[in-house]
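Asks: If you want the building blocks of each chain, they are given just below.
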Amino acid sequence: MKTVRSFVAGAWLIALLLGVWELLSRGRILDPLFFPAPSTLLITLVSLTRGGILGRQVMYTVERTSAGFALGLVCGVVSSAVISLFATLRRAAEPLIWVLYAVPRLTLLPMVMLLVGVNDASRILLIALGTALLMMIQIGDAVRTVNRDYVDMAVNYGASRLTVIRKVYLPACLPQIFTAMRISFSRALVLTISVELLSSDNGLGNMIWNAWQTFAVEKLYVSVALAGALGLLVQGFFILLEKRLVPWKDGVA
Amino acid sequence: MVRCQKVSLVYPFRAATVRVLSDVTFDVRCGEFVSIIGPSGCGKTTLLHIVASLLAPTTGEVELNTAGGSPATSMVFQENSVFPWMTVLENAAFGLEMRKVDKAERERRASGMLERFGLAGREHAYPHQLSTGMKQRVAVIRAFLSDAPILLMDEPFAALDRQSRMKAQLELMELFGSERKTVVFVTHDVDEALALSDRILILSAQPGTVIAEFPVPLERPRPLLPEPGDDVFEIRREIYAALGLTSMLAGVACAT
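Chains A and B are the protein sequences, given in the same order. Sequence positions in the first sequence follow this note's numbering and run 187 to 439. Sequence positions in the second sequence follow this note's numbering and run 649 to 904.
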């Protein structure tokens, strides 16, 4: 709740900027053709929403992002778990993960399309790859930094290997896993929209590109703002979820 | 009972090797409270890890006669002594949980113990909401609840202020009196060792080895601080001498 409150407290600056923008645009100090007033954009937003087109385009983006993120999350967590169980495998896999992580994801799009085809599967696969790599790096790091004392303590009380993973490693890594999930989802959203800009006939990214091509400036603004709002919403969701599921977070060093 | 026979530990460091412990030999009888005092870095923590079988000695052996209890030991650390992701109740009951005691039973026993030691109402708090003193007391309660006959404590109260420390010491004495466990207690604090122990072992600086042993001829319950005129004053002086700290008791003259 503190996060929400501090966000609201900071909202006055946004409101002020929007107000100034409105005045400048209405007073024609800024050319309304390039800088349509926020009130005009609101009307555009309402009329686009009424037509149902906007909702459908947003849903395309949300679906791609979620599908890619979910697939990447599962693959990333499962691979991390397998890798962390075998030291030899981990030493071999880590450099590979870093090399793949260093390649900008979007540049892999043509290659993935070459292999999978120009379809949604390749777009989702690319998003999943990005998520899986980030999750693996973050989880690897979290596992490495688990305090040895906690492991010793559990072992001393007679915990089995599986119990140590369940009772020590998992909860100790959970805060970092949540942070990684939040960052991953934001990145996944960025990647989805970028992919849609380049190669897609629907979704928010495609809408932005179409608006540019047809010089529909108001539509352009509205779709960019929506992309931002979507990202913000997801961030908030993950922060609230983390507060719910990691109530001890303040105490983890 | 704990029997350490010529326990040595050597570990490789860069090109050379470091000898941490050298032929450490001592016995602790069943139901005895033994403190180990020694300078920083003399391998006290390492020794406890070896007794807890978390670490294997290079040579020598540790024998634990525990009448079938398994695991035989419960450790209390100086820091990170409670799991941050478990509530006070879950932490206190962790030893019982590992022994497959069912949830209702272990929570009943843990909350009974927490209540007895003034932690009622804090059962569902997380460690970050507690003071350091409370965390350590929870850790001690967990060790006593665990059913392990031997408790190993690694400077559990070193980070506490004087008042919290005395409170924790009194609780430990009460628990020791009622639960009859064998305790090996590592500390820096000579007065703490005198207040708690039946016997005090002095470990030398690296490599650590037992250089002196002092029985504490005091009845229980006893005062936490030695009172002038006690026999214990003489022992205290001898312990400082064994640690090479006699000059510290004398103090330093101030120029006026």
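These are computed hints drawn from the structure, not numbers from a lab. Just so you know, even glycine gets a beta-carbon here, dropped at the ideal spot from N, CA and C. Honestly, I wouldn't trust all of these hints.
One side only, chain B facing chain A, incomplete, derived with CB under 10 Å [stated by the list, open to error]:
id: 1; residue: Ala704
id: 2; residue: Pro719
id: 3; residue: Ala787
id: 4; residue: Met814
Asks: Now tell me if each hint is right for this structure.
Replies: How the hints compare with the structure:
no.: 1; hint: Ala704; in the structure: 13 Å, violated
no.: 2; hint: Pro719; in the structure: 4 Å, holds
no.: 3; hint: Ala787; in the structure: 9 Å, holds
no.: 4; hint: Met814; in the structure: 25 Å, violated
In summary, the numbered hints that this structure violates are 1 and 4.
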